[in-house]
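Go ahead and model the full structure; you've got the sequences and the hints to work with.
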Amino acid sequence: MRIFDPHIHMTSRTTDDYEAMYAAGVRAVVEPSFWLGQPRTSPASFLDYFDSLLGWEPFRAAQYGIAHHCTLALNPKEANDPRCLPVLDELARYLVKDQVVAVGEIGYDSMTPAEDTALAAQLQLAADHELPALVHTPHRDKLAGLRRTLDVVRESALPPDRVLVDHLNETTVKEAKAGGCWLGFSVYPDTKMDERRMVAILRAYGPERVLVNSAADWGRSDPLKTRKVADAMLAEGFTEDDVDLVLWRNPVAFYGLSGRLTLDVAATAPTHEGNSVLRGGE
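So the sequence shown is numbered by this note's numbering: it starts at 1 and just counts up by one.
Calculated cross-link-like contacts (lysine-lysine; reagent style BS3-like; alpha-carbon spacing at most 25 Å):
(1) Lys228 - Lys192
(2) Lys174 - Lys142
(3) Lys77 - Lys192
(4) Lys142 - Lys77
(5) Lys192 - Lys142
(6) Lys192 - Lys174
(7) Lys142 - Lys177
(8) Lys174 - Lys228
(9) Lys177 - Lys192
Note that these hints are calculated values from the structure, not bench results.
As structure tokens, this is what we get:
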């Protein structure tokens, strides 16, 4: 079984997670840029973070046989902080990098006017750079957030079929599908979706243009949830081809819209800029 986790925050995970993911069949990941967990105080912290997603993290993933790409953006939560907004002026020089396969995560957290502005600006950046966009739907007032998201997408220069709307659930999937976007679902231990609900959605709406992710981060999450969804699909009568479509071919097709997706894991040097994943060695 081959698995592509299309949304996982590996910066917050350990190398043990990479090892376990590889053993479970994960061969590729996309890491969207994410908020820090505490307020960033300047755009410089974004730039160091972007550099790590383009350098250190692909190096670390490759040590465990996993291809790593990223999406870059000013995320919705930090779009409300004026100290962070200058990063929008820096994004263009990062969006030309080979490892960047979409603009994201963009979208809504609290559905403020500042988030409206940041979403529209970054959809335009995606269109300008011929990249798809990964859109975060809010964890509160989800249906209202989805509808607001679709309105902004329709007004943008980026076609809906180049937009992945993530963190969907039973209340939002029907309208997201009708809106012409790709459909993303995050599977968590306690919140968001679980394996049983995910299988029910796949049965009701079909596997076409559906992406399943773990969205694992520094909170309570599980980087093996993609494999657990695959196992649940098989247990409930889905075919191996269905599993391969959802867990591999769909994310390859969506991020392949960037023209930059490379799934071969090249051999790496023992260190990245003098640093190693090993500790205590020679």
